[in-house]
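Okay, so the sequence shown: first residue is 1 according to my numbering, each after it adds one.
The hints are simulated quantities; they were obtained by calculation from the structure and are not laboratory data. Wrong hints could be hidden among the right ones.
[As the list claims (entries may be wrong)] Below, simulated SDA-like cross-link-like pairs (lysine to any residue); rule was C-alpha separation at most 20 Å, straight line:
| no. | residue 1 | residue 2 |
| --- | --- | --- |
| 1 | Lys131 | Ser296 |
| 2 | Lys131 | Asn331 |
| 3 | Lys93 | Asn345 |
| 4 | Lys297 | Asp132 |
| 5 | Lys279 | Tyr122 |
| 6 | Lys47 | Leu284 |
| 7 | Lys77 | Asp64 |
| 8 | Lys326 | Gly304 |
| 9 | Lys214 | Ser265 |
| 10 | Lys135 | Asp335 |
| 11 | Lys326 | Ser313 |
| 12 | Lys93 | Asp117 |
| 13 | Lys77 | Leu284 |
| 14 | Lys47 | Lys93 |
| 15 | Lys326 | Ser265 |
| 16 | Lys207 | Ser296 |
Only a predicted model underlies this, so the values are computations on that prediction, with no experimental measurement involved.
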Amino acid sequence: MKRKLAVLLTVTLCFGLLAGCGSKKEDAPAASTGTGDSQEAPAEEPKETKSMTLYYSNSTDWADPIIQEFEDQTGIKVDLVQDGTSSLFARIKAEAGNPQADVVWGGVIDTYRANQDMLQQYTSSNVDALKDAAKDANGYYTGFDMGPMVMIYNTELVDAAGAPTSWADLLDEKYKGQIACADPTSASSSFACMMSIILAYGTDDGKGYEFIEKLVDNLDGKILDSSSGVYKGVADGEYMVGLTYEEAALRYIQSGANIAIVYPSEGTSSSPSGMAIVKDCQNLKNAQKFIDYLSSKEVQEQLGDLNRRSVRSDVSDPDTMEAWDKITFVNMDIDWTSSHTQEFNDMWNDLISR
Numbered sequence: 001m002k003r004k005l006a007v008l009l010t011v012t013l014c015f016g017l018l019a020g021c022g023s024k025k026e027d028a029p030a031a032s033t034g035t036g037d038s039q040e041a042p043a044e045e046p047k048e049t050k051s052m053t054l055y056y057s058n059s060t061d062w063a064d065p066i067i068q069e070f071e072d073q074t075g076i077k078v079d080l081v082q083d084g085t086s087s088l089f090a091r092i093k094a095e096a097g098n099p100q101a102d103v104v105w106g107g108v109i110d111t112y113r114a115n116q117d118m119l120q121q122y123t124s125s126n127v128d129a130l131k132d133a134a135k136d137a138n139g140y141y142t143g144f145d146m147g148p149m150v151m152i153y154n155t156e157l158v159d160a161a162g163a164p165t166s167w168a169d170l171l172d173e174k175y176k177g178q179i180a181c182a183d184p185t186s187a188s189s190s191f192a193c194m195m196s197i198i199l200a201y202g203t204d205d206g207k208g209y210e211f212i213e214k215l216v217d218n219l220d221g222k223i224l225d226s227s228s229g230v231y232k233g234v235a236d237g238e239y240m241v242g243l244t245y246e247e248a249a250l251r252y253i254q255s256g257a258n259i260a261i262v263y264p265s266e267g268t269s270s271s272p273s274g275m276a277i278v279k280d281c282q283n284l285k286n287a288q289k290f291i292d293y294l295s296s297k298e299v300q301e302q303l304g305d306l307n308r309r310s311v312r313s314d315v316s317d318p319d320t321m322e323a324w325d326k327i328t329f330v331n332m333d334i335d336w337t338s339s340h341t342q343e344f345n346d347m348w349n350d351l352i353s354r
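Generate coordinates for the entire structure from the input sequences, incorporating the hints supplied.
Written out as structure tokens, the structure is:
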């Protein structure tokens, strides 16, 4: 019997955001060259196949049911490779010329913008229904969902009356060594938090970078390897506060964790998570179908149950979420963040090595 997505969504309260996926990736068929000896041949239509390979950094507990439903609807087998966003793009870069992936899914669109030379241009059939923030004018990527970067705190360790309300509060001496923060050079959510801070405090006069330097000092050498370590560490009482993303915080709260969410008063960001087709992929038609499926109203209407916000203008956020117009946002300059990624990474590595 066809497995329905609504049934499978109950697993979203499970932990293990970065658990590995059990599917094995199979060799994809070689792409046709489409060349002739005496004259230029017309461009060939992408071949019809019944498989594709997906590189994804999303949590398997909620993403795999969506993938399964795509397989059930289309008959296309999806071979899976699950890893961190940065690791996946490094893998795609290493495989250039012989791409093994057809689609990459997960991580903020800033990462996609910075690596668009690895991506295939495609405009989804759902583009007219998408919010502007989810569109790339050149078609290199498409947004999947939206959600602001947030701070969280352990309600058993931090009294609500004295809880942080701003990024600036993280510099308080009482939080020294008590801030859960993932390495922003490898964790896209942590990178988005850092970019939010820098843009909130200023890029022209260096005040944003100065704030990051002070924040690193207050981390006291404690930097986590993955995004999942942040909300788990705060929920378990290993840290008082943490920097993470809204969906993970809401999911943990629903599971009964003693944490609360703070939307920083200086402003936060909400870069959509991304999805894109890998350049010169071997199963182009299936990759296009997958992008269209993820951006469809059918899937996007399920996101509220996953504590995520849709990128479609015709899908509303659930009432259980903070109203969008009550959250202060910075002007998220994707061009600036993309062009300064390496500079930030170098600065960060220098700071933590001192």
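| message | Next pair to validate is lysine 47 with leucine 284; report whether the Cα-Cα distance is within 20 Å. | response | 8 Å, holds
| message | Just to be careful, I want the Cα atoms of lysine 93 and aspartate 117 compared with a cutoff of 20 Å; is the pair within it? | response | 9 Å, holds
| field | Holds or violated: lysine 326 to glycine 304, with C-alpha atoms at most 20 Å apart | value | 18 Å, holds
| request: Take the C-alpha atoms of lysine 47 and lysine 93, compute the straight-line distance between them, and say whether it is at most 20 Å. | output: 24 Å, violated
| said: Between the alpha carbons of lysine 131 and asparagine 331, is the straight-line distance 20 Å or under? | reply: Roughly 16 Å between the alpha carbons, so the hint for lysine 131 and asparagine 331 holds.
| said: Hinted pair, alpha-carbon criterion (20 Å max): lysine 207, serine 296. Please report holds or violated. | reply: 41 Å, violated
| query | For the pair supplied as a hint, lysine 131 and serine 296, is the alpha-carbon distance within the 20 Å limit? | reply | Holds, at roughly 13 Å.
| query | Straight-line Cα separation of lysine 214 and serine 265 no greater than 20 Å? | reply | 19 Å, holds
| Agreement of lysine 135 and aspartate 335 with the hint, judged by alpha carbon distance not exceeding 20 Å | Satisfied, since the Cα-Cα distance of roughly 14 Å is no more than 20 Å.
| task | Would you check the hint for lysine 77 and aspartate 64, treating anything up to 20 Å between C-alpha atoms as holding? | result | 13 Å, holds
| Going straight from one Cα to the other, do lysine 93 and asparagine 345 come out at no more than 20 Å? | 18 Å, holds
| query | For the pair supplied as a hint, lysine 326 and serine 313, is the alpha-carbon distance within the 20 Å limit? | reply | 18 Å, holds
Checked against the numbered hints listed earlier, the structure breaks hints 14 and 16; every other hint is satisfied.
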